[in-house]
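Visitor: Residues 1 to 178 (the working numbering) make up the sequence shown, in order.
Hints in this document: simulated from the structure, not taken from any laboratory. Think of the CB as a built atom: it goes at the ideal place given N, C-alpha and C, for glycine as much as any other residue. Honestly, I wouldn't trust all of these hints.
Ranges of calculated distance between the beta carbons of each label pair, as one might list FRET restraints [said to hold, decoys possible]:
(1) E56 / K121: 30 to 40 angstroms
(2) R79 / E57: 18 to 28 angstroms
(3) D123 / P43: 16 to 26 angstroms
(4) K121 / E57: 24 to 34 angstroms
(5) P43 / Q130: 10 to 20 angstroms
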Amino acid sequence: MMKLKSNQTRTYDGDGYKKRAACLCFRSETEEEVLLVSSSRHPDKWIVPGGGMEPEEEPNVAAAREVCEEAGVKGTLGRLVGVFENQERKHRTYVYVLIVTEVLEDWEDSVNIGRKREWFKIDDAIQLLQCHKPVQATYFEALQDSCLTSNGTPLVATISGDLSPTYSINQSSVSGIR
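Produce the entire structure from the sequences given, and follow the hints as far as they go.
Guide: In structure tokens form, the structure reads like this:
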């Protein structure tokens with residue numbers, strides 16, 4: 001299903017959730033510093049760059065496109081951290097790791113809406129996100145869990161009203177494994 005927004009087409013999955021993609025953009029492979037961007041709605045708040053998927057667009061392609069538009073960075077797309085379900089907002093967001101290799105001086109959202117970007121230590125990023133975007137703060141919890149427990153199989157995190165994530169293995173990714 002698709003719905004037109006003023007400058008884009010929103011896409012939805014079979015359950016009626018908006019399909020989104022985002023990246024945890026790290027300065028290096030040590031994954032110690034992450035890039036956050038200012039919110040377009042609340043410029044004094046920081047968020048993980050990401051947005052809606054275009055029709056027929058693969059999640060990994062959407063994630064790389066969104067971070068280029070919102071954060072002005074390009075890089076090496078890494079593992080899928082998980083698929084995060086925000087039941088309150090009816091979003092499902094595919095979150096990937098991106099190791100930044102290029103930082104653009106001017107980028108789409110900096111020129112058009114004055115968006116800013118800044119590097120943060122992981123713990124500082126989590127603290128900032130917990131206040132304004134608690135679902136995004138759980139990406140980092142899943143990042144640690146995905147390294148330890150999923151054996152490369154994407155995790156699905158369902159965020160309920162109390163904002164505590166519940167993780168499960170993405171069965172569509174497992175179905176081809178024998």
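Visitor: Now tell me if each hint is right for this structure.
Guide: Hints, one by one, checked against the model:
Between E56 and K121 the CB atoms are about 38 angstroms apart, so this pair conforms to the stated range of 30 to 40 angstroms. The beta-carbon spacing between R79 and E57, approximately 19 angstroms, falls within the hinted interval of 18 to 28 angstroms. The hinted window of 16 to 26 angstroms between D123 and P43 holds, with their beta carbons roughly 23 angstroms apart. A C-beta distance of roughly 32 angstroms is found between K121 and E57, which places it inside the suggested range of 24 to 34 angstroms.
A hinted range of 10 to 20 angstroms holds for the C-beta pair P43 and Q130, which are about 19 angstroms apart.
Hint compliance for this structure: every hint is met.
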